[in-house]
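Going down the list, the sequences are from chains A, B, C and D.
Those letters in the first sequence? Residues 6 to 364, per my numbering, in order.
Those letters in the second sequence? Residues 6 to 364, per my numbering, in order.
Those letters in the third sequence? Residues 6 to 364, per my numbering, in order.
Those letters in the fourth sequence? Residues 6 to 364, per my numbering, in order.
Honestly, the hints are just simulated from the structure, not real lab data.
One thing to keep in mind: the hints can contain errors.
Since the list can't tell identical chains apart, any single copy or any two copies may satisfy a pair.
Said to hold, decoys possible - Calculated pairs, SDA-like style, for lysine to any residue (alpha carbon to alpha carbon, straight line, at most 25 Å):
| id | residue 1 | residue 2 |
| --- | --- | --- |
| 1 | Lys167 | Pro318 |
| 2 | Lys208 | Leu97 |
| 3 | Lys167 | Leu259 |
| 4 | Lys29 | Ala283 |
| 5 | Lys167 | Gly60 |
| 6 | Lys29 | Asp193 |
| 7 | Lys29 | Met305 |
| 8 | Lys89 | Ile292 |
| 9 | Lys8 | Asp65 |
| 10 | Lys89 | Pro187 |
| 11 | Lys93 | Arg141 |
| 12 | Lys29 | Met302 |
| 13 | Lys29 | Ala349 |
| 14 | Lys208 | Tyr322 |
| 15 | Lys29 | Pro279 |
| 16 | Lys93 | Asp255 |
| 17 | Lys208 | Asp293 |
| 18 | Lys72 | Gln291 |
| 19 | Lys89 | Asp293 |
| 20 | Lys29 | Gln291 |
| 21 | Lys29 | Pro318 |
| 22 | Lys29 | Pro282 |
| 23 | Lys93 | Gly103 |
Note that the structure is predicted; figures quoted are calculated from it, not measured.
These are the residues of each chain, in order.
There are 4 protein chains.
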Amino acid sequence: MPKLDVAILGATGAVGQRFIQLLKDHPWFEVSEVIGSSRSAGRTYGEAAHWVLDGNPPADVAAMTVKALDDDFHSPLVFSALPKEAAKTRELELAASGHVVCTNASANRMLPDVPLLLPEVNADHIHLIDVQRRRRGWRGALIANSNCTVMPVVMALKPLVKYGIRALHLVSEQAVSGAGYPGVSSMDMIDNIVPYVPGDEDKMQTESRKMLGAFNGESINLLDTVVSATCTRVPVVDGHLVNISVELADEPALTSIIDDWDRYEAPASAQNLPSAPAYPLQYLHQIDRPQPRRDRMAGMGMMTSIGRLRECPVLGYKFAALSHNTVRGAAGCSILNAELMAVAGYIESFRSAELALET
Amino acid sequence: MPKLDVAILGATGAVGQRFIQLLKDHPWFEVSEVIGSSRSAGRTYGEAAHWVLDGNPPADVAAMTVKALDDDFHSPLVFSALPKEAAKTRELELAASGHVVCTNASANRMLPDVPLLLPEVNADHIHLIDVQRRRRGWRGALIANSNCTVMPVVMALKPLVKYGIRALHLVSEQAVSGAGYPGVSSMDMIDNIVPYVPGDEDKMQTESRKMLGAFNGESINLLDTVVSATCTRVPVVDGHLVNISVELADEPALTSIIDDWDRYEAPASAQNLPSAPAYPLQYLHQIDRPQPRRDRMAGMGMMTSIGRLRECPVLGYKFAALSHNTVRGAAGCSILNAELMAVAGYIESFRSAELALET
Amino acid sequence: MPKLDVAILGATGAVGQRFIQLLKDHPWFEVSEVIGSSRSAGRTYGEAAHWVLDGNPPADVAAMTVKALDDDFHSPLVFSALPKEAAKTRELELAASGHVVCTNASANRMLPDVPLLLPEVNADHIHLIDVQRRRRGWRGALIANSNCTVMPVVMALKPLVKYGIRALHLVSEQAVSGAGYPGVSSMDMIDNIVPYVPGDEDKMQTESRKMLGAFNGESINLLDTVVSATCTRVPVVDGHLVNISVELADEPALTSIIDDWDRYEAPASAQNLPSAPAYPLQYLHQIDRPQPRRDRMAGMGMMTSIGRLRECPVLGYKFAALSHNTVRGAAGCSILNAELMAVAGYIESFRSAELALET
Amino acid sequence: MPKLDVAILGATGAVGQRFIQLLKDHPWFEVSEVIGSSRSAGRTYGEAAHWVLDGNPPADVAAMTVKALDDDFHSPLVFSALPKEAAKTRELELAASGHVVCTNASANRMLPDVPLLLPEVNADHIHLIDVQRRRRGWRGALIANSNCTVMPVVMALKPLVKYGIRALHLVSEQAVSGAGYPGVSSMDMIDNIVPYVPGDEDKMQTESRKMLGAFNGESINLLDTVVSATCTRVPVVDGHLVNISVELADEPALTSIIDDWDRYEAPASAQNLPSAPAYPLQYLHQIDRPQPRRDRMAGMGMMTSIGRLRECPVLGYKFAALSHNTVRGAAGCSILNAELMAVAGYIESFRSAELALET
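Could you build the full structure based on these sequences and the hints that come with them?
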């Protein structure tokens, strides 16, 4: 089966590198074009990118010539790791011109007709693409994944929506890779924490409600709840941990909640995708888990780990949730979203592949 | 003026060392006896103690012979940095036999007749000593300081008690020195955080209510509120930061609260003590402060730094507070408590000094 | 093909855990017995071991009951991660009673008839086992791997022995996992380094000469050179980096040395072993590599990475070498040694497997 | 006594901030002008500088308006924390126009008529200023301090020059503050070290020979020795540790060397300066010292700590030396150099002060 050509926007940055790392040996997709800033364009990827992940970039990608953002791309599927400003109009242009764009950028996440997709949580939101295409007259599409700190929150809460989420109080301890490279100065992160992450508190308070909301056929009804988020930065490379307190209208027993988590499965359409973990989440019974370094790679970095469920004297329930912020929380989620797009038939040129998969 | 002899229990441990460091050149008190475990007793302090603070122990203390816990002590004033179990009965025995014991141990903190003292917050609780002496027939006394994570919380909240504290939600990011030495393994603290600190969540939920409570002449009425605490450990040497959300019955403007903090002064009896900072707290206007490494030494480590006051969609108000956990939060607070005891006339042998001070 | 039963001594410690992790899904060996201290014996491994590696212990091992060190073991192959004192006589007893013991402990490394084996470097030293068996009348055997900091040194120097190593100057920057768990206190490793690692300087100065020495049919002639080692501890979880300066009698060009490294292959007998990396070492051309976090997992943690070769004004040549201290430098090397023992026919009960492999 | 006005070039950077911090309450000098980049010029210092040291900038400096580098300055004494390129010509211009410029920049350090001054090591090199003024026709002057990693090396070696230094082998473990702010990315410094510091190896190999050289009345004769330096970066905020091996022509006993260090005093002209430590260096007898976090603040950050003296099988002697890289190794040394200039009569406008000091 021939693989689908893929372009990576913002390929030399930290998230761009993660895309390239995760797409190595992908069964359906193949990196075919790497796009960088004007400073990088024209050089080989190996020269242009200061590789910050483990090891070295794959040799075939290292040999590619980096293209500029305003070049034309032939790849039907585009992953975007662009900075916010660069993403804003270019992603819309590419979708308009027929590309399926899966973006990790925040610029267009809250547009009413852009699905904010996490397959295990809201795979049905994908059908917002039909609305998007109809209204905008696009053949391509634009779907987004959420802020990396929102992921473990919505993953852990999805099984609890049925109890009625009345209030949500979040305090994050976030890894430095969330700020890219060079990102956070080591002068701020040795023997220190920073109790502020620009922009993330707002994103947690809005994106979580969109992702846990319901698709009504035309748009997403935000989850009707109140959310308070505090975001802090800690000296950890990868893995965002969120301390979550939640008020539930029904008052389930703690054991019921753990059962809900243990039994939670992704929607049928999101199972068996190449990048899907066997289980989307796990509850850890050790009293001092989850921990970033020890649990971020669960399920190849795509699983959310939950622990420390107990009563909260103020809101009723509290626990901690963790996921890998640049795998599950960024590039890995975009790739999973693209896989869902493929099996759902939204990538025209990949229909045959999809059919092949189904038989 | 002759100084008052002081004994340090648990002198070789991390908090014991901080007592010795802070008492160097103290104007009223002089370390005269150092008490350690049976393993340390009989050796010089310099040999027995693996000094973990900066530099080296003071030469005079390094030359002292370490005494055993069941030896007799001549010092009228005793500072205790004992482990919980060792503290439980020995502190009571010493108080019964005439010593004024200022303890950092948790064992006896919640006894109804033991004041849990933070001079800038509840200096009047000191008079619980009269009840203690009357009931127990002691000439000595036992006063405690709270858990180190409670300090920044009660310091920041004291000026807000007048608004009616309905609910309190706390998430801490705590330094490793809170666990002593060797304490937390470096295998747990490089590229990692641990979302659990044994025992601290309970202490935060109970001790905060005692410290912010009212002395009714016979006992302390706990503050009538509900508290939820989550405690986590981060790779920081010194300085506990707490993310605080609070519901206030009155609904003051944010600016009023900052005014309250800016104008807050310690009670008259607690001002001008040798270890008292010029101001007990400061509000920092930079959006990314307080930070442990940069703010823990404010006011020689005795000041609490507050920042990021903003609305909390769930509870109304949220902010961050920080103080140095082994200075303000442990040894420094015990010393300040002893200074308050001295000026309040509770250390019999020190009356003359007190009178000298007043004139 | 039935797998060979394996016992792990010191199974609950940090290196013991690494053995268990690396032996999961091993094609030839299967963990059958886990042995711990008297405190652990009788409990399940899951209860007894505080797992410090990523994730959780394999479920089948977690369910095993931990045995005591003086119990009898049925496994023909024994891996030892014992503390030095415990290892000293017990390893000899087990070898005497027929077990093939591959040890990571330092106790017996320098015994004249114990091979200090690193297959890619000195696979031929394995025949010292014949001497060992003859002299001691053993059916079993005892082979050791070296100190974890010696590994990257001898791996990088082996291809240069032909030039005549006149002097060797080593300064290490070692990860904390080398000290086990809890090992190094976090109070010593945040914003700090410790310029001393107990015992390691001596080991580097002696073990390197044994490993690079020549087997003369009866014993090992130590490499005739002078070695100076300085060992320091840095805040890194895994991966020892050594700054190496070397004086070579011949004076090869820098490019010749890089060629030697690029072309270096393990001896034939050590190739194609299940745990052998495709290449034993790699030279990295980036000016700021090797780095512990980015290069320690090269070749599944079994490869040595070298970089920064340049002239040394004092000794002629200098460069940096790195390998993973608990994979390549401990458990992984012991396993590789056992694999070499198997294919070399020294594990009697595994002969058939060996033959199967050869056909 | 009126204080001397001082200008700080590059005042908003990390070293500039350290100048401002150390000059607070200086008895002779007073910060009067702060100079920054064109981006900072015209704003108040408080707005322009992202303060990265502890606490906040002094209020009076925070209120000053930042000047541009090509403005005129009235301050007779100028401290330069400029980047290399900016320093190159501007420092010469300022010296030509009558300012005494004490620079921390590397641009002009190796000019033959610029003294590379560390008062405790080579106070007599100050008279190179006479040559400088004569040749260049300057009324002002330019003196430099060395690279921050060179300081602990020359400080520790100065007392050993008398034994004949034949060879010097250096391996540093350097703090991140040496790279300024933001400087080293936290992505490179969590669970990692970087075995390369751009430019520093060359500086160590050349500047050390100039500082330990002899002033012959017209120029500096470099110390006749061979130096090999390897520089690495470690996750430490402040404090450079250097592992030093040295070959000495005479072969003193280890105890003689420790005696030399214990008895070492600064030259008479460099004693009693306001920023001079009581002793320029200390030998620590604990086996695991010096350590950056625990020893960098010895002597208010101006003292060098030495430890672990022992035999080196290759070069004869080895030990570790540490000093604070932004205090002793940068701003603090520049200030001490300026104090020496003042008492030596090289700052014309400060003659009266000097006289006052002598009486």
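Hint check results:
1. Lys167 / Pro318: both (22 Å within a copy, 22 Å between copies)
2. Lys208 / Leu97: Close inside one copy (21 Å), not across copies (52 Å); limit 25 Å.
3. Lys167 / Leu259: within (15 Å within a copy, 36 Å between copies)
4. Lys29 / Ala283: both (20 Å within a copy, 19 Å between copies)
5. Lys167 / Gly60: Result: close neither inside a copy nor across copies, 44 Å intra and 30 Å inter.
6. Lys29 / Asp193: For Lys29 and Asp193, only the inter-copy Cα distance (24 Å) is at most 25 Å; the intra-copy one is 34 Å.
7. Lys29 / Met305: both (14 Å within a copy, 17 Å between copies)
8. Lys89 / Ile292: Result: close only across copies, 22 Å inter versus 39 Å intra.
9. Lys8 / Asp65: within (15 Å within a copy, 39 Å between copies)
10. Lys89 / Pro187: The answer is both: 17 Å in one copy and 22 Å across copies each meet 25 Å.
11. Lys93 / Arg141: within (16 Å within a copy, 58 Å between copies)
12. Lys29 / Met302: both (17 Å within a copy, 17 Å between copies)
13. Lys29 / Ala349: within (23 Å within a copy, 37 Å between copies)
14. Lys208 / Tyr322: So Lys208 and Tyr322 pass the 25 Å test inside a copy (23 Å) and across (19 Å) alike.
15. Lys29 / Pro279: Close inside one copy (13 Å) and across copies (24 Å); limit 25 Å.
16. Lys93 / Asp255: This pair counts as neither: shortest intra-copy Cα distance 41 Å, inter-copy 43 Å.
17. Lys208 / Asp293: between (28 Å within a copy, 18 Å between copies)
18. Lys72 / Gln291: between (48 Å within a copy, 24 Å between copies)
19. Lys89 / Asp293: between (36 Å within a copy, 22 Å between copies)
20. Lys29 / Gln291: Intra 34 Å, inter 22 Å, cutoff 25 Å: inter-copy only.
21. Lys29 / Pro318: Neither way: Lys29 and Pro318 sit 47 Å apart in one copy and 43 Å across, limit 25 Å.
22. Lys29 / Pro282: Classified as both; 17 Å inside a copy, 20 Å across copies.
23. Lys93 / Gly103: within (17 Å within a copy, 54 Å between copies)
The structure shown violates the earlier hints numbered 5, 16 and 21.
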